[in-house]
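If you read the sequences in order, they're chains E and D.
For the first sequence, this note's numbering begins at 1 and goes up steadily by one.
For the second sequence, this note's numbering begins at 1 and goes up steadily by one.
There may be inaccurate statements among the hints.
[Claimed, not checked] Have a look at the derived ranges for each label pair, beta carbon to beta carbon:
#, chain 1, residue 1, chain 2, residue 2, range
1, E, Ile-2, D, Val-81, 36 to 44 Å
2, D, Asp-265, E, Asn-257, 41 to 49 Å
3, D, Val-301, E, Ala-14, 31 to 39 Å
4, D, Val-301, E, Phe-36, 26 to 34 Å
[Claimed, not checked] Lysine-lysine pairs mimicking DSS-like chemistry, simulated, CA-CA at most 25 Å apart:
#, chain 1, residue 1, chain 2, residue 2
5, E, Lys-148, D, Lys-3
6, E, Lys-201, D, Lys-201
7, D, Lys-93, D, Lys-48
8, E, Lys-48, D, Lys-3
No lab work stands behind these hints: they were computed from the structure.
Just so it is clear, CB atoms sit at the ideal spot from N, CA and C, and this is done for glycine as well.
2 protein chains.
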Amino acid sequence: MIKTQVYDIFKDSASFNEKDVTIAGWVRSNRHSNAFGFIELNDGSCFKSIQIVYVTADIENFDEISRLNVGGAIIVRGKIVLTPDAKQPFEVKAAKIDVEGHSTPDYPLQKKRHSVEFLREIAHLRPRTNLIGAAMRVRSEAAFAIHKFFNERNFVYVHTPIITASDCEGAGEMFRVTTLDVENPLRKEGKIDFGEDFFCKNAFLTVSGQLNGEAYALAYGNIYTFGPTFRAENSNTNRHAAEFWMIEPEIAFADLNDDMRLAEDMMKYVVSHVLEKCSQEISFFNEFMDKTLSERLVNLVNSSFAHVTYTEAINLLIPHNASFAFPVKWGSDIQTEHERYLSEVIFKEPVFVTDYPKEIKSFYMRMNDDNKTVAAMDMLVPGVGELIGGSQREERLDLLLSRMKELHLNEKDYWWYLDLRRYGGTRHAGFGIGFERLIMYLTGITNIRDVIPFPRTVGSAEF
Amino acid sequence: MIKTQVYDIFKDSASFNEKDVTIAGWVRSNRHSNAFGFIELNDGSCFKSIQIVYVTADIENFDEISRLNVGGAIIVRGKIVLTPDAKQPFEVKAAKIDVEGHSTPDYPLQKKRHSVEFLREIAHLRPRTNLIGAAMRVRSEAAFAIHKFFNERNFVYVHTPIITASDCEGAGEMFRVTTLDVENPLRKEGKIDFGEDFFCKNAFLTVSGQLNGEAYALAYGNIYTFGPTFRAENSNTNRHAAEFWMIEPEIAFADLNDDMRLAEDMMKYVVSHVLEKCSQEISFFNEFMDKTLSERLVNLVNSSFAHVTYTEAINLLIPHNASFAFPVKWGSDIQTEHERYLSEVIFKEPVFVTDYPKEIKSFYMRMNDDNKTVAAMDMLVPGVGELIGGSQREERLDLLLSRMKELHLNEKDYWWYLDLRRYGGTRHAGFGIGFERLIMYLTGITNIRDVIPFPRTVGSAEF
Chain E
1 MIKTQVYDIF
11 KDSASFNEKD
21 VTIAGWVRSN
31 RHSNAFGFIE
41 LNDGSCFKSI
51 QIVYVTADIE
61 NFDEISRLNV
71 GGAIIVRGKI
81 VLTPDAKQPF
91 EVKAAKIDVE
101 GHSTPDYPLQ
111 KKRHSVEFLR
121 EIAHLRPRTN
131 LIGAAMRVRS
141 EAAFAIHKFF
151 NERNFVYVHT
161 PIITASDCEG
171 AGEMFRVTTL
181 DVENPLRKEG
191 KIDFGEDFFC
201 KNAFLTVSGQ
211 LNGEAYALAY
221 GNIYTFGPTF
231 RAENSNTNRH
241 AAEFWMIEPE
251 IAFADLNDDM
261 RLAEDMMKYV
271 VSHVLEKCSQ
281 EISFFNEFMD
291 KTLSERLVNL
301 VNSSFAHVTY
311 TEAINLLIPH
321 NASFAFPVKW
331 GSDIQTEHER
341 YLSEVIFKEP
351 VFVTDYPKEI
361 KSFYMRMNDD
371 NKTVAAMDML
381 VPGVGELIGG
391 SQREERLDLL
401 LSRMKELHLN
411 EKDYWWYLDL
421 RRYGGTRHAG
431 FGIGFERLIM
441 YLTGITNIRD
451 VIPFPRTVGS
461 AEF
Chain D
1 MIKTQVYDIF
11 KDSASFNEKD
21 VTIAGWVRSN
31 RHSNAFGFIE
41 LNDGSCFKSI
51 QIVYVTADIE
61 NFDEISRLNV
71 GGAIIVRGKI
81 VLTPDAKQPF
91 EVKAAKIDVE
101 GHSTPDYPLQ
111 KKRHSVEFLR
121 EIAHLRPRTN
131 LIGAAMRVRS
141 EAAFAIHKFF
151 NERNFVYVHT
161 PIITASDCEG
171 AGEMFRVTTL
181 DVENPLRKEG
191 KIDFGEDFFC
201 KNAFLTVSGQ
211 LNGEAYALAY
221 GNIYTFGPTF
231 RAENSNTNRH
241 AAEFWMIEPE
251 IAFADLNDDM
261 RLAEDMMKYV
271 VSHVLEKCSQ
281 EISFFNEFMD
291 KTLSERLVNL
301 VNSSFAHVTY
311 TEAINLLIPH
321 NASFAFPVKW
331 GSDIQTEHER
341 YLSEVIFKEP
351 VFVTDYPKEI
361 KSFYMRMNDD
371 NKTVAAMDML
381 VPGVGELIGG
391 SQREERLDLL
401 LSRMKELHLN
411 EKDYWWYLDL
421 RRYGGTRHAG
431 FGIGFERLIM
441 YLTGITNIRD
451 VIPFPRTVGS
461 AEF
């Protein structure tokens, strides 16, 4: 069956005038008199629906069509007619309408606004709504933009492992992966014998592909990962999911400035791509989610991101401590309320905060000459707070080892990571960006559950 | 630091003649006399290395450079000089060489051929070899080609969930995901209380995103997934990994023929892309892995894939039963030896086998009118066997329900999947392609462990 995508008609409707087309899609609404009717048909190829006009004289099965319920699937053959004076720019004058699959009057998605909470209960149907339909298309285009950006720069895309036997970054928040009969596992000296497990040892779901990514950056120069990561955090918030996707580029012969330049370039590229490819979706979000969205996105593309050190940032925040739930002082973590204050009130644009106290950052970050701070950077954006976190990595073996000793990390667990410093180690840096946070930023949607198709959160793994 | 990528020089070396460049990379070999030396430097930006010439007169630290070990990281400033009469097309006459990171004489990757088994033990260093370096770059470009192919056709990329609470497709081969204290789980009436687990129920790693993908296809029309999937199969073969990536497109208002056309188009697109972008890598594989590789790939792009029904295929195979470990008869599974015989000996090109007996296929495949076979298709290719498996899905609720009853599947577990047939169900079809199998096909590499960066197999989750 040769179908025309509604997407293509919207791209160049003039060229379709008076053309015969076949369009297959789902009924969004259907109203009719005895003589004629209108169907709003969405084929999923783009945000907008197309209007189908059907009249008794032309359509054999007028009765069947006029009784069609919302959600039904039909195939329409007809002619495109431009309608410059009407609300919609064109419509299809139907010659034939075949019902491919009926719907019922109890179809959960009637033509009205549904709460996002209700839509989450029907996650299998919600991509058919304007809101979720638009969010997931932005998601798809943003993912493609990321691949395109890195491919154009000759970065190698690396699939780092999902299952990992190293619990480096905090086993407490990791999911165990096992094939043991957990009701009755084999035991040795009273304890479970993980030597009998699938991987012959403890295994978990990854929280980050960074360490593996570093190994590949030191072979290819520039690499990125884009895959799912997991946190078993028992926190039921708008911003946390147990399963989320992350992008982690890693660049060799590069320092923190190169890293920030890359992050800024990537953000501008992705936002520009989405503004261009998803203009209908962004207009919708701007109207119904966040009236400042379009302006915010255009500003990001045109601004030079601000830069400030952690120390400077703390000094800027201290005068406003009274307005924070958690007042700051040097050494304290910068929390979402502070991140948003910095980017929304003080800088009014994206801002990089750099050089954090080593105590609040990870062991692998490169020590600065002051021996107090590390070459870390967070990118904060208005409306979201931290969107990107990155650092230059400690490439000096002796400094890395002594930092690991301070933190009671076991050298043996990191033998191969340390090898990367023994054999041709170089300056290198990278960052991570949570993909769902990015989609929230791009759409104005405030709950992470509404930017991922089938969200996994505490107590919830439906569908 | 402004670096030139060796990749860019190879693309247009003439324009670099006599130009000053800065190149950062790793030493592949280093030989010298008292007066001058040659370094083969690889910067990871492309398969090929670049030759660096350094002479005592120009290089301050000649002694240090001449003693550099293989694997060391250096930054070279110098001039590109075309060398039309030499083996390599150009070289860099070094003006300055800075050592960024030393290596040691015990660096595991000396300039000689290493066994793939040895390389797997140093999976963190093996991307620096010709073999794995080329494989993972082909992997990266093939992934990009897949995204580009579907994006150009306006398919929506969907991230289906990794963690799933439904064990639809065979719990025996699934990994359990849990945050319970497995040594001491809370029990209720003697049994583990999975109500206390993170998702308040049993949870597993997905084996396929298809069912979720169908939900999205019935909203967007055309979608694809590309993500990791998992099998806890206890089989230690060259072709099975516990963790692998899969691409699963799903198309609505489409039948098995549309599905096969899409699969053929996708294969040709990806192979063409890789032939164009990875010509150095393919030449390498053709020389060292499989002398028929290039020819096989070019043939695929230029051939029309063959089509044969399962029944016809069995009839073609029966006369050759004496040569098979497992003789075939109607109703038996087609195994790798038969798949390869069909594509390599009988058809000598990729071939689609369609309409398999329902007993050897999944419950969701559409019943044919003969009531004995289903609208399934496998794509078999020379050298690999089955590369793609797909089907038209059963969209008729009554037929789907009766098939589920035959197979003792619980309707309640599939409530949302059945909903897709209740509300605007349409003809639809899709397929799955194992990404690692594809890379094996594209490179001639015969062990799946060598086409995925950090393989996970029975008993092995290192790195």
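Going down the list of hints, with the structure as the test:
1. Between Ile-2 of chain E and Val-81 of chain D the beta carbons are some 57 Å apart, a value that contradicts the proposed interval 36 to 44 Å.
2. One distance hint, 41 to 49 Å for the beta-carbon pair Asp-265 of chain D and Asn-257 of chain E, holds here, with the actual separation near 44 Å.
3. Roughly 36 Å separates the CB atoms of Val-301 of chain D and Ala-14 of chain E, a value that falls within the hinted 31 to 39 Å.
4. About 50 Å separates the C-beta atoms of Val-301 of chain D and Phe-36 of chain E, a value inconsistent with the hinted range of 26 to 34 Å.
5. Restraint check for Lys-148 of chain E and Lys-3 of chain D: the C-alpha separation of about 21 Å stays at or below 25 Å, so the hint holds.
6. Between Lys-201 of chain E and Lys-201 of chain D, the direct Cα distance comes to roughly 24 Å. Compliance with the 25 Å bound is thereby established for this hinted pair.
7. About 18 Å separates the Cα atoms of Lys-93 of chain D and Lys-48 of chain D, which keeps this hinted pair within 25 Å; it holds.
8. The suggested pairing of Lys-48 of chain E with Lys-3 of chain D is violated, with an alpha-carbon distance near 46 Å, which exceeds 25 Å.
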